[in-house]
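A.B. asks: Protein sequences appear in the order of chains A and B.
If you're matching positions, the first sequence starts at 1 in the working numbering and goes up one per residue.
If you're matching positions, the second sequence starts at 1 in the working numbering and goes up one per residue.
Calculated directly from the structure, the hints in this document are not laboratory data.
Take these hints with a grain of salt, some might be off.
A pair holds if it fits inside one copy or across any two, identical chains being indistinguishable in the list.
Stated by the list, open to error - Using 25 Å as the maximum straight-line C-alpha spacing, the simulated BS3-like pairs for lysine-lysine come out as follows:
#1 K126 / K184
#2 K271 / K325
#3 K289 / K126
#4 K437 / K420
#5 K586 / K344
#6 K184 / K89
#7 K437 / K89
#8 K289 / K271
#9 K353 / K584
#10 K184 / K132
#11 K172 / K87
#12 K178 / K89
#13 K333 / K353
#14 K13 / K388
#15 K572 / K40
#16 K420 / K586
#17 K440 / K572
#18 K178 / K132
#19 K333 / K249
#20 K89 / K586
#21 K13 / K346
Number of protein chains: 2
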Amino acid sequence: MTYQEKLSAIRAKMIAAGIDAYIIPSSDPHMSEYVPDRYKCIHFTSGFTGSAGTLVITQDFAGLWADFRYFEQANQQLSGSGYELVKLKVQYTPEYIDWLDGQLPAGSVVAFDFQLMSMVLGEEIKGALSVKDIAIQDQDFVTDIWENRPALPGDLAVLLPEEDCGQDFKSKLADLRKALQLAKADVHVISSLDDLAWLFNIRGNDVRYNPVVLCYALITDEEVRLYLNEEKLSSDDLNLLAQRGVVVKNYQSIAADLDELTDCTILLDGKRTCYQFFTRLSPSIRIIKETNPVVFLKSIKNEIEIQHTRAAMVSDGVALTRFFKWLEENIGKIEITELSASQKVKEFRELGKTFAGISFASIAGYGPHAALPHYCPDEESNLELLPKGLFLLDSGGHYFYGTTDITRTVPLGETTEEEKLDYTLVLSAMIFGSAAKFPKGTKGYQIDGIVRQQLWQRGINYGHGTGHGVGYYLNVHEGPQNIGPSNAAVAIDPGMITSIEPGIYRPGKHGVRIENLVLTVPAATTYFGEFLQFETVTLAYIDTSIVIAEWLLPEQISWLNAYNQVVYEQLKPELSEEEAVWLKEKCRAI
Amino acid sequence: MTYQEKLSAIRAKMIAAGIDAYIIPSSDPHMSEYVPDRYKCIHFTSGFTGSAGTLVITQDFAGLWADFRYFEQANQQLSGSGYELVKLKVQYTPEYIDWLDGQLPAGSVVAFDFQLMSMVLGEEIKGALSVKDIAIQDQDFVTDIWENRPALPGDLAVLLPEEDCGQDFKSKLADLRKALQLAKADVHVISSLDDLAWLFNIRGNDVRYNPVVLCYALITDEEVRLYLNEEKLSSDDLNLLAQRGVVVKNYQSIAADLDELTDCTILLDGKRTCYQFFTRLSPSIRIIKETNPVVFLKSIKNEIEIQHTRAAMVSDGVALTRFFKWLEENIGKIEITELSASQKVKEFRELGKTFAGISFASIAGYGPHAALPHYCPDEESNLELLPKGLFLLDSGGHYFYGTTDITRTVPLGETTEEEKLDYTLVLSAMIFGSAAKFPKGTKGYQIDGIVRQQLWQRGINYGHGTGHGVGYYLNVHEGPQNIGPSNAAVAIDPGMITSIEPGIYRPGKHGVRIENLVLTVPAATTYFGEFLQFETVTLAYIDTSIVIAEWLLPEQISWLNAYNQVVYEQLKPELSEEEAVWLKEKCRAI
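Excised from the complex, chain A in its bound form (with noise of 0.2 Å):
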């Protein structure tokens, strides 16, 4: 079927069930970031690839609704379905509600399926479009048009060593039950995957680069119920999770659960939870709509956590090192190519006896490619890289136990003056927030606006956010914390993990970002309070020759050579002695 037929097949279901207008969100019943292939609904349909993007049909119109990183691609993909692309203004805002509203009478119907909407989302769009009459409906058309839809992953997944966790189960569900108590909830329903591979110590493969394991977990004072499809399981896990007390079921079963439950108060994350679950619980339930309490639970790593990731990051500092060393050696001498560096890192990271596969797809740009800060090489786009200009490398990696993300940007012969400057200017902002100290409770948002403000001054920004929490074997993007714009009011608290990856960007011509991973540790307790900072974890040398060090304080030079240095001492046991002296020249003080 051609995305011109599935479209006209998705219309005549909408007016068989008298639907106006039909939704295709871009989740999976877990409100994943990124899908298991089951549920590439968007493309499967529209032949657009990006992970995030919204289809919206009516019998006169098909759109796909996108933000800016995707303009250019959706253009291209989009060319022939029958979609057109509609620009987001505002990032990750639901536009096509409004555009609904104008354009459906009253009375109309629109449908979409409720397990791919969050419970946020879709109280929105119901609450929304009620106001002029329009009503919404569950309705899955994608699964009717397409044959040999995937099956649900069946991958196995594994329950991790508990002394690798730093945390049993039993004392993670205690810290559970303590929160949900203090909310004043009988019933918790968990699905978002990275927070139940959390909770339980489990481990699985069901997501690309996320670590995960696709289940449900219904949480009372007395009962634990994993959601999870028991041949996923060795029966050893199986043992250990019955003697832990976990009962488990079906993954599908949750549904039929949910539908049995009466008169209790449930604590739902209405960002976290799909809109299905949300419409099938009955009237007698009271539902307190608040964030998983595991969402903050584990986002403070404890000791072990910490301890395995700081052994994460040498592994992952050798194979940066390693990579970056063949890379200059080997410049303009063989052929380099922006896909054959991604995969030349990989294999350097393979090395690493701990190594468990790659946190998210490289993002490896040379030249004006390193200006699309979510650019990602393919076939048709792999540029080769000459000795000359700046080649930016985001990439990271899972590790047994700890996950990593680092971005480098180095220059690959000569650079222009430009280039140079907004190296330097991004270093500058990359180092005031990583010195800066803060009273604990300071909130990301106003770390960002330490971070940026040494771009603003010279009338420069990025247009995404500064940094995100890290997990620990687990998403490479993890909540609650982020430093950026946005009015999330979440401290930056003592055992988080975060990166600080300030970025300039100009199309056409080249980009840089440089990203560390940084934990938040204690600075002082002085009179005003207790105060914070920040300790990189991440180990790899940041390249000092294009630094005009001029535009940086005293203080930001003596923050890069001490870094340098540490980067250094830190990874020369595991380094060859040609390695060594490769490195301790690039890290010398400048």
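Put chain B on the given structure of chain A with help from the hints.
C.D. replies: This is chain B only, laid out in the frame that chain A set:
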């Protein structure tokens, strides 16, 4: 009646009405920050004169929930009243709700005057207590026991000349109606007095320091009703209102009009509307809970408002110049106290031809008193100013037209190293904020980080916001923007006037705060978008005699010298030759 007797009387009324707990908030039906005498219920009931707090009374306990600003004062004033101070952990939070929830058994009844609680808070109390089956009830026991309770203020109000408002009522109304249409509201009720004063171009004298008049408005697409007692306006002004299509109705009659509304969509501001209005609406009405559109419209000052504000700043700067000259020339020679200094600066302001009253009670703190950020001297606390140490003066005036708010800290003689350092750090923070450039859309919380960062690096912080909006011949505290740590996602837009006022407070020793008002103006449009900056509109020299120059960056010293130069040039034409010579010396570049 003693406070004990009043407490007993309230408890007797509670028993008679079957009420288990009674809450007395510190607000009026307009949710004002400062309230008319009639609404000083907490002062009447308990003797506490602070402007923020909540009384909660049960048969076993009576307490005042107040924040750290009032701990000392409350302890003194509540002594022997029968009320205990309950210290708020987090400012501005209704922590008494949790306390009630813990204390009261299921089936209890909690009462308060629904007129004196905001919609948001009323709903929060109801929601939180309903879980435990605790009901809420509308009861006004204070009026019952308050003999000779002050009447509503009867002061006259006036319509401002519309040419001095920069936008006439009809045009403001058209803007508001546009906003209501966008929000899909048929009806809008405004209770907040400064929003009403701005919309109707009316000013009054009903609340101390705030030139507002007690009224409400109900606005539809066809009709404008202003609930305002007719005797408060001249017949000319009443005629003008009639010409403008405004129907003036009795202040109290809004309640009955609300009762009559059915089948409409009403926009109500949950923070700026009393809970009683909310509870009396027919179930057939759809309520949109959003910030009053006027809050946003009012915050963007028009050209005339800016022009008049600049003139007010000259008057204010002249008054402060004369005051600080007088202070310098008389300190150690005649007796000067905190109170007499406050009086003196008021007298200098009164010399200004356009002066219309002070905009808040002056904070005049000498030595250790300056370490209390919200200190106001009274007969008992009044300190004599001696020729040493620091004097902090935070004061402001209303003018025809414009409102000012300025803090200066000056040395009265010898100062300690710590005083000089703290002064220089606060100045550094103030300059960092004042000189900041930022992209359009930047929120106050990002700028908060930029300002505080100067202090945070040294383990210093201050327990108040960095800045607030300021009205145009209106309230000195005006929303929606603020520069502070809270998650108010309001952009600091062009045309807004906001304060920047960092401080350092060392209890028992000294305090420093430096505050200017800044206007947001365009900076530049670059490849990366539209950038904004601040233009400082306050015009009063900043003392440089105790600046430790090596603690400032070269560009900060340039900013300081340029600012003092502007102050001198702007004020000189209004000063006597002797005053000008004195000011020139104060403004000399360092």
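A.B. asks: All hints are to be evaluated individually against the structure, with a verdict given for each.
C.D. replies: These are the hints, each one checked on the structure:
{"no.": "1", "hint": "K126 / K184", "in the structure": "between (27 Å within a copy, 15 Å between copies)"}
{"no.": "2", "hint": "K271 / K325", "in the structure": "neither (44 Å within a copy, 60 Å between copies)"}
{"no.": "3", "hint": "K289 / K126", "in the structure": "both (17 Å within a copy, 16 Å between copies)"}
{"no.": "4", "hint": "K437 / K420", "in the structure": "between (28 Å within a copy, 22 Å between copies)"}
{"no.": "5", "hint": "K586 / K344", "in the structure": "within (20 Å within a copy, 65 Å between copies)"}
{"no.": "6", "hint": "K184 / K89", "in the structure": "between (39 Å within a copy, 21 Å between copies)"}
{"no.": "7", "hint": "K437 / K89", "in the structure": "between (35 Å within a copy, 23 Å between copies)"}
{"no.": "8", "hint": "K289 / K271", "in the structure": "both (9 Å within a copy, 21 Å between copies)"}
{"no.": "9", "hint": "K353 / K584", "in the structure": "within (24 Å within a copy, 72 Å between copies)"}
{"no.": "10", "hint": "K184 / K132", "in the structure": "between (36 Å within a copy, 10 Å between copies)"}
{"no.": "11", "hint": "K172 / K87", "in the structure": "neither (43 Å within a copy, 33 Å between copies)"}
{"no.": "12", "hint": "K178 / K89", "in the structure": "between (42 Å within a copy, 21 Å between copies)"}
{"no.": "13", "hint": "K333 / K353", "in the structure": "neither (30 Å within a copy, 81 Å between copies)"}
{"no.": "14", "hint": "K13 / K388", "in the structure": "neither (55 Å within a copy, 85 Å between copies)"}
{"no.": "15", "hint": "K572 / K40", "in the structure": "neither (44 Å within a copy, 71 Å between copies)"}
{"no.": "16", "hint": "K420 / K586", "in the structure": "within (17 Å within a copy, 43 Å between copies)"}
{"no.": "17", "hint": "K440 / K572", "in the structure": "neither (35 Å within a copy, 46 Å between copies)"}
{"no.": "18", "hint": "K178 / K132", "in the structure": "between (43 Å within a copy, 19 Å between copies)"}
{"no.": "19", "hint": "K333 / K249", "in the structure": "neither (58 Å within a copy, 87 Å between copies)"}
{"no.": "20", "hint": "K89 / K586", "in the structure": "neither (43 Å within a copy, 50 Å between copies)"}
{"no.": "21", "hint": "K13 / K346", "in the structure": "neither (45 Å within a copy, 76 Å between copies)"}
Hints 2, 11, 13, 14, 15, 17, 19, 20 and 21, counting from the list given before, are not met by this structure.
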